[in-house]
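Chemist: For reference, the chains in residue letters:
2 protein chains.
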Amino acid sequence: MPEFRAGSPEQVSYLEELVRAGLLTQTGVAGVYARGPEFERVRLGFDGLVTRTAAPEAPEALYFPPLLPRLQLETSGYLGSFPHLAGTVFGFDGDERDAAEQLAVASRHEDWGAFQTMSDLVLSPAACYPLYPAVAARGALPEGGLTLDTGDSYVFRREPSSDPARMQIFHMREIVRVADRDTVISWRGEWRARAEQLLGSLGLQIELEIAHDPFFGRAGRMLASAQRELELKWELLAPIAGGTQTAIASSNYHEGHFGDIYEIRTAGGDTAHTGCMAFGEERVTLALFSSHGLDTRTWPSGVRDKLGL
Amino acid sequence: MPEFRAGSPEQVSYLEELVRAGLLTQTGVAGVYARGPEFERVRLGFDGLVTRTAAPEAPEALYFPPLLPRLQLETSGYLGSFPHLAGTVFGFDGDERDAAEQLAVASRHEDWGAFQTMSDLVLSPAACYPLYPAVAARGALPEGGLTLDTGDSYVFRREPSSDPARMQIFHMREIVRVADRDTVISWRGEWRARAEQLLGSLGLQIELEIAHDPFFGRAGRMLASAQRELELKWELLAPIAGGTQTAIASSNYHEGHFGDIYEIRTAGGDTAHTGCMAFGEERVTLALFSSHGLDTRTWPSGVRDKLGL
Chain Y
0 MPEFRAGSPE QVSYLEELVR AGLLTQTGVA GVYARGPEFE RVRLGFDGLV
50 TRTAAPEAPE ALYFPPLLPR LQLETSGYLG SFPHLAGTVF GFDGDERDAA
100 EQLAVASRHE DWGAFQTMSD LVLSPAACYP LYPAVAARGA LPEGGLTLDT
150 GDSYVFRREP SSDPARMQIF HMREIVRVAD RDTVISWRGE WRARAEQLLG
200 SLGLQIELEI AHDPFFGRAG RMLASAQREL ELKWELLAPI AGGTQTAIAS
250 SNYHEGHFGD IYEIRTAGGD TAHTGCMAFG EERVTLALFS SHGLDTRTWP
300 SGVRDKLGL
Chain D
0 MPEFRAGSPE QVSYLEELVR AGLLTQTGVA GVYARGPEFE RVRLGFDGLV
50 TRTAAPEAPE ALYFPPLLPR LQLETSGYLG SFPHLAGTVF GFDGDERDAA
100 EQLAVASRHE DWGAFQTMSD LVLSPAACYP LYPAVAARGA LPEGGLTLDT
150 GDSYVFRREP SSDPARMQIF HMREIVRVAD RDTVISWRGE WRARAEQLLG
200 SLGLQIELEI AHDPFFGRAG RMLASAQREL ELKWELLAPI AGGTQTAIAS
250 SNYHEGHFGD IYEIRTAGGD TAHTGCMAFG EERVTLALFS SHGLDTRTWP
300 SGVRDKLGL
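Going line by line, the protein sequences match chains Y and D.
Residues 0 to 308 in numbering that gives the first Met the number 0 are what the first sequence lists, from first letter to last.
Residues 0 to 308 in numbering that gives the first Met the number 0 are what the second sequence lists, from first letter to last.
Hints are not guaranteed to be accurate.
Selected chain Y positions facing chain D (in silico; Cβ < 7 Å) [what the hints assert, rightly or not]:
1. Ala33
2. Pro36
3. Glu39
4. Tyr62
5. Ala98
6. Gly112
The set of hints was computed from the structure by calculation and includes no laboratory data.
Just so it is clear, CB atoms sit at the ideal spot from N, CA and C, and this is done for glycine as well.
Produce the complete structure using the sequences and hints provided.
Modeler: Structure below.
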């Protein structure tokens, strides 16, 4: 079983409030919820705001489903860094006798994993992952590189928790830049100001932090400190559930990592660099409910307008 | 490996056309695609049209993610009927040494399934499945029962194919009625007319068929013929890819199946009956492109208006 990350008493009681208000519905598995209509309206309102904010760049949208070819997880480096967070898809390849046995075991709610075999699909761990091989398949980048948009994509992180802000499956919206090194670095700087402004304009108390990913194991601690030292990741934090500062958006600079793996070349023939600006849509939505209250009718009119409520 | 359902030459060449037109992008796994911006615009336009068509009933929307508690698959009867279509989620529970071994096997693109264990989640096989336990948890139904709306939910069916209409993961939009027997039966009749009208108004050549689900094995053939005999399932078909008639919407009447399993009671204390009206959004979208051509600018203006294009 994966480590259960218990929420604080404030987080657990905030989750109960969200459920009572019809904003989230529990499914019986920690960190997996149904969203109620008003939660969804706020989430989609924010998603629309990101679309408008990114529009001047005219990003090309590619809408990937929540499943990724297993081959891509194997080549992306994810399994080395985050084996504990990955989810893989298994299926049944047996005959009628196997099916009957599997059903009998499953009906007793025992482990029927022995009847399942690994498929060629995994759950998508980040919205931008499927973009890189798709871009690579087109050949060299156009002059100036590419800006892409994942839309509101489901991603999976296996970290069950009773903190409502730590979901196992949620929507990540990413704007991604694939270009030469200098272009990606300056693009990231522009989005840092733009994202702070965007989230601040919704009445959120935003804090910027140079951050690191939750790398696995002892070797992971070195990766994390290198990532922080090189300022490859920053996060924007806002208070959720009793004031806990929680990352609601982040930006990663991958240097030539994906360019190397998928052999993405700039128009000039160099290895492309990549960077992304990611919004955790459920977390942004939770931060808005935490800041402005559970009844959207009482939210500041400027915020309501921006979200189209 | 699951059976690969090869598409006809017409279907395969239609898929190539869709890819060339930027409507779909292949991922390397059959039946898993990224949707391009214009494909997505049509899909969401249709989704909005369903919202407006269902509005007079004021259905209650609950937006579930594409993952379902494994327990629900075990109790729903799905594993008996469709073991071959189910997808289960596995994860890694090992230590650093296991992680290093797993990575080594995965990097050679061999089967690293031995390092993965079954989690408490599966892929959602139908949009309405998570609704039933959520409704049951509320206690007896209100007078007149409930009408629910899943929104555009991802569902998974493990049937890789080169027919673009047979995707492994796609959006199903369901309106679901949970009430007494007579109410559900007459509601289904109303939606039959409403759905035919809705799809016909988009210029699709619709055909209605009393149908059956793709039950597994020999016992499944008996289930299928009983389902057809009792007219528990009907489908609306439209031509896709070289004229093949393909189900783009369907309605199932489950009688007391889910009411029994989850102990859902009507206000009067009887076992609730359930029925659903489901639209396969990617298939509807494909049918529209098949009927009106790959360039939405040339579509009939009435159709464009209805879809908000």
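Chemist: Would the hint on Pro36/Y be counted as holding, given a Cβ-Cβ threshold of 7 Å to chain D?
Modeler: Status holds, d = 5 Å.
Chemist: Given Gly112/Y as an interface hint, is its Cβ closer than 7 Å to any Cβ of chain D?
Modeler: With a minimum Cβ separation of about 4 Å from chain D (threshold 7 Å), the hint on Gly112/Y holds.
Chemist: Given Ala98/Y as an interface hint, is the shortest Cβ-Cβ distance to chain D below 7 Å?
Modeler: Holds - the Cβ of Ala98/Y comes within 7 Å of chain D, reaching about 5 Å at its closest.
Chemist: Going by Cβ atoms only, is Glu39/Y closer than 7 Å to chain D?
Modeler: holds, 5 Å
Chemist: Hey, does the Ala33/Y contact hint survive, CB to chain D under 7 Å?
Modeler: holds, 5 Å
Chemist: A closest beta-carbon separation below 7 Å is what the hint needs, so does Tyr62/Y meet it against chain D?
Modeler: Holds - the Cβ of Tyr62/Y comes within 7 Å of chain D, reaching about 4 Å at its closest.
Of the numbered hints given earlier, the model fails none.
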